[in-house]
Amino acid sequence: MERTIRVLVAKPGLDGHDRGAKVIARALRDAGMEVVYTGLRQTPEQIVQAAVQEDVDVIAMSILSGAHNHLFPRVTELLAEKKVDDVLVIGGGVIPEGDYEFLKSKGIAAIFGPGTPTATTVEFIRTHLKR
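Residue 63 in the working numbering is what sits at position 50 of the sequence shown, and the numbering runs on without skipping anything.
Certain hints may be false.
[Claimed, not checked] Simulated restraints, written as ranges between beta carbons of each label pair:
#1 V107 x R16: 30 to 36 Å
#2 K143 x Q62: 18 to 24 Å
#3 K95 x L53: 29 to 35 Å
#4 S78 x E15: 20 to 26 Å
#5 Y113 x E15: 16 to 22 Å
#6 K95 x D43: 28 to 34 Å
[Claimed, not checked] Here are the computed lysine-lysine pairs in the DSS-like style, where the Cα-Cα straight-line distance is at most 30 Å:
#7 K117 x K35
#8 K96 x K117
#9 K143 x K117
Just so you know, these hints were derived from the structure itself, not from any lab. All C-beta atoms, glycine included, are put in the ideal place defined by N, C-alpha and C.
Sequences are here, hints too, so could you generate the full structure?
Encoded structure:
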(Lines of atoms letter the chains of each structure in order from A and count residues from 1; the text may use other names and numbers.)
(Lines give C-alpha, C1' and ligand atoms only; values in the text may rest on other atoms or scores of the structure.)
Protein backbone atom coordinates (compact mmCIF):
# COMPACT_ATOMS: atom_id res chain seq x y z
CA MET A 1 0.00 0.00 0.00
CA GLU A 2 1.45 3.34 -1.07
CA ARG A 3 1.70 6.16 1.44
CA THR A 4 -0.42 9.28 0.93
CA ILE A 5 1.60 12.21 -0.43
CA ARG A 6 2.29 14.64 2.42
CA VAL A 7 2.67 18.32 1.56
CA LEU A 8 3.75 21.19 3.77
CA VAL A 9 2.24 24.47 2.54
CA ALA A 10 4.20 27.44 3.90
CA LYS A 11 4.18 31.23 3.74
CA PRO A 12 7.78 32.37 4.25
CA GLY A 13 8.59 35.92 5.18
CA LEU A 14 6.38 38.79 6.15
CA ASP A 15 3.43 38.26 3.81
CA GLY A 16 0.12 38.99 5.48
CA HIS A 17 -2.00 37.49 2.71
CA ASP A 18 -2.55 33.74 2.46
CA ARG A 19 -5.55 33.24 0.19
CA GLY A 20 -3.42 31.60 -2.52
CA ALA A 21 -1.80 29.25 -0.01
CA LYS A 22 -5.20 28.24 1.29
CA VAL A 23 -6.51 27.65 -2.25
CA ILE A 24 -3.60 25.39 -3.12
CA ALA A 25 -3.83 23.61 0.24
CA ARG A 26 -7.45 22.80 -0.40
CA ALA A 27 -6.79 21.68 -3.98
CA LEU A 28 -4.04 19.34 -2.82
CA ARG A 29 -6.27 17.96 -0.08
CA ASP A 30 -9.11 17.47 -2.58
CA ALA A 31 -6.63 15.57 -4.79
CA GLY A 32 -6.08 13.08 -1.95
CA MET A 33 -2.90 14.52 -0.47
CA GLU A 34 -2.34 15.12 3.21
CA VAL A 35 -1.66 18.82 3.78
CA VAL A 36 0.02 20.57 6.68
CA TYR A 37 -0.36 24.36 6.56
CA THR A 38 2.11 26.31 8.69
CA GLY A 39 0.35 29.67 8.55
CA LEU A 40 1.71 33.14 7.93
CA ARG A 41 5.14 34.63 8.58
CA GLN A 42 7.28 31.52 8.75
CA THR A 43 11.06 31.63 8.73
CA PRO A 44 12.98 29.20 6.53
CA GLU A 45 14.16 27.51 9.74
CA GLN A 46 10.58 27.01 10.92
CA ILE A 47 9.57 25.65 7.52
CA VAL A 48 12.38 23.10 7.42
CA GLN A 49 11.82 22.09 11.04
CA ALA A 50 8.12 21.49 10.33
CA ALA A 51 8.94 19.57 7.15
CA VAL A 52 11.28 17.24 9.02
CA GLN A 53 8.92 16.80 11.97
CA GLU A 54 5.96 16.09 9.72
CA ASP A 55 7.96 13.79 7.40
CA VAL A 56 6.61 15.51 4.29
CA ASP A 57 7.28 14.65 0.67
CA VAL A 58 6.79 18.18 -0.63
CA ILE A 59 7.32 21.74 0.58
CA ALA A 60 5.07 24.17 -1.31
CA MET A 61 5.88 27.81 -0.53
CA SER A 62 3.77 30.79 -1.49
CA ILE A 63 5.12 34.34 -1.47
CA LEU A 64 4.03 37.81 -2.48
CA SER A 65 6.58 40.01 -0.72
CA GLY A 66 9.38 39.91 -3.29
CA ALA A 67 11.80 38.13 -0.93
CA HIS A 68 11.63 34.84 -2.86
CA ASN A 69 15.25 35.04 -4.11
CA HIS A 70 16.42 35.01 -0.50
CA LEU A 71 13.84 32.91 1.36
CA PHE A 72 13.28 30.04 -1.10
CA PRO A 73 17.01 29.23 -1.52
CA ARG A 74 17.47 29.43 2.25
CA VAL A 75 14.94 26.62 2.64
CA THR A 76 16.83 24.41 0.18
CA GLU A 77 20.15 25.27 1.91
CA LEU A 78 18.76 24.24 5.29
CA LEU A 79 17.39 20.99 3.85
CA ALA A 80 20.84 20.23 2.43
CA GLU A 81 22.49 21.01 5.78
CA LYS A 82 20.16 18.49 7.42
CA LYS A 83 20.90 16.00 4.62
CA VAL A 84 17.23 15.93 3.61
CA ASP A 85 17.37 15.18 -0.10
CA ASP A 86 14.05 13.44 -0.70
CA VAL A 87 11.72 16.44 -0.40
CA LEU A 88 10.38 18.13 -3.52
CA VAL A 89 10.41 21.93 -3.10
CA ILE A 90 8.09 24.09 -5.18
CA GLY A 91 7.07 27.72 -5.06
CA GLY A 92 4.27 29.97 -6.12
CA GLY A 93 2.86 33.43 -5.78
CA VAL A 94 3.79 36.71 -7.36
CA ILE A 95 7.27 35.95 -8.67
CA PRO A 96 8.67 37.59 -11.82
CA GLU A 97 9.33 35.06 -14.58
CA GLY A 98 12.85 36.44 -14.83
CA ASP A 99 13.59 34.93 -11.41
CA TYR A 100 12.40 31.40 -12.24
CA GLU A 101 15.74 30.12 -13.56
CA PHE A 102 17.66 31.48 -10.57
CA LEU A 103 15.25 29.77 -8.19
CA LYS A 104 15.46 26.50 -10.11
CA SER A 105 19.27 26.68 -9.94
CA LYS A 106 18.88 26.89 -6.15
CA GLY A 107 16.81 23.71 -5.92
CA ILE A 108 13.25 24.91 -6.40
CA ALA A 109 11.75 22.31 -8.73
CA ALA A 110 9.03 24.54 -10.19
CA ILE A 111 7.37 27.92 -9.83
CA PHE A 112 3.61 28.30 -10.26
CA GLY A 113 2.52 31.86 -10.91
CA PRO A 114 -0.87 33.52 -10.58
CA GLY A 115 -3.52 31.84 -12.70
CA THR A 116 -1.83 28.44 -12.81
CA PRO A 117 -4.58 25.81 -12.68
CA THR A 118 -4.39 23.87 -9.43
CA ALA A 119 -4.56 20.65 -11.46
CA THR A 120 -1.18 21.60 -12.98
CA THR A 121 0.39 21.78 -9.53
CA VAL A 122 -1.22 18.50 -8.46
CA GLU A 123 0.07 16.71 -11.55
CA PHE A 124 3.56 18.16 -11.16
CA ILE A 125 3.76 16.90 -7.59
CA ARG A 126 2.56 13.43 -8.55
CA THR A 127 5.05 13.08 -11.37
CA HIS A 128 8.09 14.60 -9.64
CA LEU A 129 8.05 13.08 -6.14
CA LYS A 130 11.52 12.14 -4.95
CA ARG A 131 10.48 9.07 -2.96
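Okay, the hints, checked on the actual structure:
1. V107 x R16: 30 to 36 Å: holds (33 Å)
2. K143 x Q62: 18 to 24 Å: For K143 and Q62 the Cβ distance comes to about 19 Å; the hint holds.
3. K95 x L53: 29 to 35 Å: For L53 against K95, whose Cβ atoms are near 24 Å apart, the range 29 to 35 Å is violated.
4. S78 x E15: 20 to 26 Å: violated (36 Å)
5. Y113 x E15: 16 to 22 Å: Since Y113 and E15 have Cβ atoms about 31 Å apart, the given range 16 to 22 Å is violated.
6. K95 x D43: 28 to 34 Å: holds (31 Å)
7. K117 x K35: holds (24 Å)
8. K96 x K117: Status holds; Cα separation ~19 Å.
9. K143 x K117: holds (16 Å)
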